[in-house]
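Chemist: One letter stands for each residue in the lines below.
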Amino acid sequence: MRTNLIQSYLNTSNQNQQYQQDKIVKDFDVHKELANRTFIKPLPSNGKLVKTNISNFTSEVWKDMKYDMRAFKHAVKGEANDHELGRLNDVGMKLGGLSIAAYLFTRKQTPMTKIFEFIGLATFFGAMDVWPKLFLQLPAYLIHGFNIRQKYEDNYGRKKMFYQDHQFIPWDLYSDEEINKIGNRLGVPKDIPNRREYIQEKMRKIALQNNTMWMLTAGFATPILSALMCNALEKPVAKYLDKKMNAKADALMTNLNDEILKYDFSKNKKELEQLLAENKGKPITPELFEKIFENISQDIDPMTSGSIRQDLERLMPKGTHVVSDEALTKIHTALQDHFKPLNLSAEELKQIIPDIDTIRTAMSEKNLFNGQMKEFSEPTMVIQNLLDTNIDKFLGEDTTSIQAKRLRLLRRTMGNAIAHGQDTAFQTAFKTQPALLLTDDISETLKSVSQVLNELKAKCNVFDRFAFIKVAQAQETVLANSWNEMSETLLKSLNFSPREIRLAKFDRELAAGILRNKLETLVTDKEGFAKFMDEFSRLLSEFESKMAPLLNTEGEEAHLYHKKVTSAFDDTARELYAKNMWKTGNSLVGYNSTAETSLKNIYMSFVTERVKSVRYSFHRFFDTAAFYYRIAQGYKLDDILPANMYREAKEEAVELAKVTLLEGHTSDTSVKLFQNRYKFPNKNDFSQIEVEGGRVKNKYFGTRAAKDMVEFANDNEYFEKVMKMMFGGEIHPDITERIKNTPFYEEFIKYRQDALKYIGGEKYFAKLYHLVDGQEHASSSLFKFILMGCAPDEMMYKLFNQKYNSKKWFSMVGKLGAGLIGVTLISQFFIGRTKDAKKIQQEAQK
Amino acid sequence: MISAIRDFSEKNITFKQQVSVSKQEEPQQKKHEDDSLLENNFSTRTRIGLDKLTKAFTIYPAKGLSGNRNSNFYEFLTMGIVPYIIGSASLIAIFNAYGSFQHSAKAKAAKLGNKMAMGVILYGIFKELSKTFITYPVKWKTGIDTEIPYVKTNHLLQESPDDYNLTSIEYHKVGESVDFPRWDLLYGDPNKGESINFRYDKIAKKNGLGTDLNDSDQEVKPMYKEVLIKSKLAKSISSFLWAATGVCLAFQEPMEKYFKAATLKFWKTDFYSQFKTFGKSFVESWGTLYKGAANAETKFEKHAGKAMIGLAALSTILGILNTVHITKKPKQVNVIDKNKESVVS
Chain A
1 MRTNLIQSYL NTSNQNQQYQ QDKIVKDFDV HKELANRTFI KPLPSNGKLV
51 KTNISNFTSE VWKDMKYDMR AFKHAVKGEA NDHELGRLND VGMKLGGLSI
101 AAYLFTRKQT PMTKIFEFIG LATFFGAMDV WPKLFLQLPA YLIHGFNIRQ
151 KYEDNYGRKK MFYQDHQFIP WDLYSDEEIN KIGNRLGVPK DIPNRREYIQ
201 EKMRKIALQN NTMWMLTAGF ATPILSALMC NALEKPVAKY LDKKMNAKAD
251 ALMTNLNDEI LKYDFSKNKK ELEQLLAENK GKPITPELFE KIFENISQDI
301 DPMTSGSIRQ DLERLMPKGT HVVSDEALTK IHTALQDHFK PLNLSAEELK
351 QIIPDIDTIR TAMSEKNLFN GQMKEFSEPT MVIQNLLDTN IDKFLGEDTT
401 SIQAKRLRLL RRTMGNAIAH GQDTAFQTAF KTQPALLLTD DISETLKSVS
451 QVLNELKAKC NVFDRFAFIK VAQAQETVLA NSWNEMSETL LKSLNFSPRE
501 IRLAKFDREL AAGILRNKLE TLVTDKEGFA KFMDEFSRLL SEFESKMAPL
551 LNTEGEEAHL YHKKVTSAFD DTARELYAKN MWKTGNSLVG YNSTAETSLK
601 NIYMSFVTER VKSVRYSFHR FFDTAAFYYR IAQGYKLDDI LPANMYREAK
651 EEAVELAKVT LLEGHTSDTS VKLFQNRYKF PNKNDFSQIE VEGGRVKNKY
701 FGTRAAKDMV EFANDNEYFE KVMKMMFGGE IHPDITERIK NTPFYEEFIK
751 YRQDALKYIG GEKYFAKLYH LVDGQEHASS SLFKFILMGC APDEMMYKLF
801 NQKYNSKKWF SMVGKLGAGL IGVTLISQFF IGRTKDAKKI QQEAQK
Chain B
847 MISAIRDFSE KNITFKQQVS VSKQEEPQQK KHEDDSLLEN NFSTRTRIGL
897 DKLTKAFTIY PAKGLSGNRN SNFYEFLTMG IVPYIIGSAS LIAIFNAYGS
947 FQHSAKAKAA KLGNKMAMGV ILYGIFKELS KTFITYPVKW KTGIDTEIPY
997 VKTNHLLQES PDDYNLTSIE YHKVGESVDF PRWDLLYGDP NKGESINFRY
1047 DKIAKKNGLG TDLNDSDQEV KPMYKEVLIK SKLAKSISSF LWAATGVCLA
1097 FQEPMEKYFK AATLKFWKTD FYSQFKTFGK SFVESWGTLY KGAANAETKF
1147 EKHAGKAMIG LAALSTILGI LNTVHITKKP KQVNVIDKNK ESVVS
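Residue numbers (this note's numbering), protein chains in the order written: chain A, 1 to 846; chain B, 847 to 1191.
If you're looking for bench data, these hints aren't it; they were derived computationally from the structure. Some hints could be false.
Partial list, derived from the structure: chain B residues whose beta carbon lies under 10 Å from chain A [unchecked claim]: (1) N918; (2) I938; (3) S1023; (4) W1088; (5) T1169.
Note that the structure is a prediction, hence the values are computed from the model and not measured. We put the beta carbon where it would ideally sit given N, CA and C, even for glycine.
Just need the whole structure built from these sequences, with the hints factored in.
Modeler: Given below as structure tokens:
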């Protein structure tokens, strides 16, 4: 057997087994080997270059995992080697990273931010891995023709980087053929001496330089690439999550019966049952009542809880009591306490205060123990009579002594309470035992009421989840995603320049100016505007099909959510009515006018109002664009600006309509429309307005001094005309033709009608009784608020900011990333320069 | 010709060994002519840390970029600190790149940016600090210091025909490689009056193998190696979990109090009050991490912080217990027979 110290060391364990037994030369003769000098030859290597490709990727990953697990086992026993410990360090790093992501996952509120904790972690490790592969390994391979991050597996199956240690590169793993091929690619002349060594040196140098570049650039590259990857992933992930969340919400309704089982009320049920069992047949004391009420109304809103309390009070009426032995004892004690201030001896007190038996006898003579008492005048009288007799006897002739006076005074104050409305000590004692007992009937009713309410609570929890996912005023709800998608697409199709976005982000007024300018320019370009309107109507149609079903609350067409809410509340109310819990039933479903304020209606209207508020915001934007187009095209201006209007008033009205549509804030419904107009318009000029480049070419408007501008409080037709211009006038046929077959058309027309009717029909909208068509139409301020929606300029102002921020961030990080990639790639061309091979060739030839 | 990197070579840096060395520096050179142990104290650790840090940003990249034939694995590994530091700074910068954002967006971004920055810093601090949670208990219990540093002198290849006797200095730890610990450095120097096995003797005594052992080094080495391996495993796992705990701490609400008070304008900083605010926020953050955030709903959300701290602490405790539980203790040891004469060569 060959003798080799290193070999014998490695052979101490199976893991170190370098050679298969059958490879060992059995008839090894050390003298012969020494004589032949074969002994000093290096041992042939069992290592190999690792060639990972997609086909063996999974098997390599699995192999690595098994290796790590084995390494951990070895390390725990204290038998691991350096390579295994190095791998375990990487495992620790990933474990730490996962812990961070898992913890931060718990701190984030929305699915998107939660999932991005893990995406962030994955992209960070991904970037760490991808950067050297993509921007060093690949270009180096393309330019120099070999893999600078080549891995090899050593004799013990340990994977290492080939060029890890430049003082130990296992060149023997490359065959001459492979090296020569690389040499050819590197342009090394074929006939130089020691060609292999020369190529190896070149390869070593290229690898070393690249490794150094890796270390220098990785610090910048990893966070930048990771951030850019996350940025790129944001939209697809959001889209995926939106679909998933939407489906999840829908599934909640389809599987309502299964979903409610997830809410466990067994603890609540058990507590009630225990409470009722413990107090079975016992009087229903106020404490017991409170405990029952708390149990039944647990997790129910305060308004409904109030109704439940009232119903329970009817079910278990308070106020009737029976006089028990316990009550008599308490009365006796109360009497003793009452006369305490006299400082009488026990013997004397005994003479004054009748004992319990005497009181009992006197009361039974009056038949006071049978039946229930609501008030205690009769038994009090009995006790007072007993007292009076005793006091008279005790005092005898003495009527004037202080003691006698004090005694009489105390007797007289017996019926006095400490404060008005409070029970006296005697009343409290009489109320010791309520007359009503916890009967089986009451218990059963309470149990079934609790059961019915628990079921409703479970359903409401599912409804809450559904409503939250779909329409809550929170990030990443289906409605919020729709809003974002629509508004962002609008911004994109309006094609703002970076400069406009940069300027518009400063404040709403600047944003309004830029948006108006954009719209007024767009409406002059028929084709461009048609494209914009097509995109807009596509968005509105999509919204209608996605969100509008939620607006159907009644009949066969009603959305499943509304159907389920209706049946859940109606069924519960019916069962509660049957149990005489009509107050609770009413607060759940209401009747007549209270139906509007019932819990059921709140569940339904919350969803519909949220959807409407988004829908109307975009309808308003659409209407704004349509109005700007009509003016720009001068379409049937006489209809909205009749010939009997002064030219100056026409110009003022168009301006007011334009500004109101674009900038009128929801709060303007309460502060009224307001416009200062020129007080002495030219009364001879009735000409029509002129339009140029999408804008009104004002002859008068804007030329007057501010001091001459006033508000015309008596022009009750002016605001009517403006309102009709905005919401009542005809829509340009170019637009109507495009949208009349879309799913949102009818709703849009209805929106215009509603806005005209309810905002224009408000008694005190512009001025008191300045009404459209003289008709007053009452509506809630909430409805008007929803009709106004979000003003287009406000919508865009927020978007300008978001857009600017993300663009700015992206351009900053993107430029850094691009710069880094550029430098790294270019550096490749300066890498690997060695002593000129031709020179070597020439030297050799000499 | 392979371009020389003499200008960047360590010849001109500390521990150089060349002709132009001044006479005053000679003893210092002499000291590190061969590989030698260094005192494991704060001063040495700081000096080594700074030396490695400086070289990682200067000499080693220069050597690497020029493809120097003397570049080695140690230099490559030392350069690992470069992406760590630059990466941390970049990460902080990316999350705080909101210079020209609108005020409200800026405030929102700053909140997260500050937390990220603090997270990166606490990650580093906790990762390094937590290793001492293992090192010291193991040292107290077994007498084995797993972090003893030594200086290694490399004799380099010629870079140009003029070069001779080029050397470079590396800092390693005796137990850095568990396959090949530097046992030789742990022997005492009889010339200095040290007993050859004095370090091994101490460890043997501490671990109950007794005194006056025939070959304490042979008895102790397997134990030493076991402790090295196990402590490395413990440090690998626990340090990253503590680092994660550091990041979690940075994300607690009380930290925001510190961010409000903190400023990078150090010339305007009242360091005492800054430090106090930080201390207070830091302590409170532990509380909120443990208790869970106020808006936590699910059990997972409520107890995630506890789990994080528990996991980190558990990994340290289990790591220590496993490390100090030495299985490779010799069952029988040979004790020197003092009555017998022996010759030490």
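Chemist: Please go over all the hints and tell whether each is borne out by the structure.
Modeler: Each hint tested on the structure:
The beta carbon of N918(B) is positioned within 10 Å of a beta carbon in chain A (closest approach about 5 Å), and the interface hint is therefore held. The closest approach between the C-beta of I938(B) and any C-beta of chain A is roughly 9 Å, which is under the 10 Å cut-off, so the hint is satisfied. The beta carbon of S1023(B) comes within 5 Å of a beta carbon in chain A, closer than 10 Å, and the hint placing it at the interface holds. Against a cut-off of 10 Å between C-beta atoms, the interface hint on W1088(B) holds, since the closest Cβ of chain A lies about 8 Å away.
The restraint placing T1169(B) at the interface with chain A holds, with a minimum CB-CB distance near 8 Å, inside the 10 Å limit.
Checked against the numbered hints above, the structure breaks none of them.
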